[in-house]
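Turn these sequences into a full structure, and let the hints steer you where they fit.
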Amino acid sequence: MKLAFKDDTATMPEEAAGLPPLLAVQLWQNPCWLSFRVNFIAAGFNRHVYSAIELRHGLKRPEVVVIYALRLKDGLTATEISLSSAFPKNTISRAIQVLLRRKLVRRATDSQDRRSFVLRLTAAGRSIVDEAIPPMVEREQAMLAALSPAEQHMLHALLTKIVVASPQWNEACENEEAS
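Per my numbering, residue 9 is the first one in the sequence shown, and the count goes up by one each step.
There's no promise every hint is true.
Mimicking DSBU-like on lysine-lysine, the simulated pairs with C-alpha atoms at most 30 angstroms apart in a straight line are [stated by the list, open to error]:
#1 Lys-68 - Lys-111
#2 Lys-68 - Lys-97
#3 Lys-97 - Lys-111
#4 Lys-81 - Lys-97
#5 Lys-81 - Lys-169
#6 Lys-97 - Lys-169
#7 Lys-111 - Lys-81
#8 Lys-68 - Lys-81
The set of hints was computed from the structure by calculation and includes no laboratory data.
Below is the structure:
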């Protein structure tokens, strides 16, 4: 099996002995090493954080993604949220409908384009996000504790570089699907 990344030093280290056998194989003998690691880390964050928010506030992950995005930058369109979240537009649209019914967001006419609408957080929506952020930050800090500050900075820079390049790899995938 061809590995996308070949590291001759990537033999299973001693710490692999304490891991479940499949996890060790997925870490050191996996042709899709990046997607495994990213998905594993994301699941470790998402499962914990989003289930707590759903239990407390009855909001599903796409709904939280919308209000979180609006807390970062109020006045976004559904398309902007979809593009930055990797959720399909129809999933974001359904989430917005739930949030509008629950009065956690409101729709306003876009001052730049009167034919378009932007979304704004209500005080109730802002309150939910403001309550959710500290446990999210705590979870992320716990996950990053295995890295030194310099390693955290490097990880931040490298992952940012991949995300910034996403239009190119999204385009490549679309071209493959079209052929």
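Checked against the structure, which of the hints given earlier come out wrong? none
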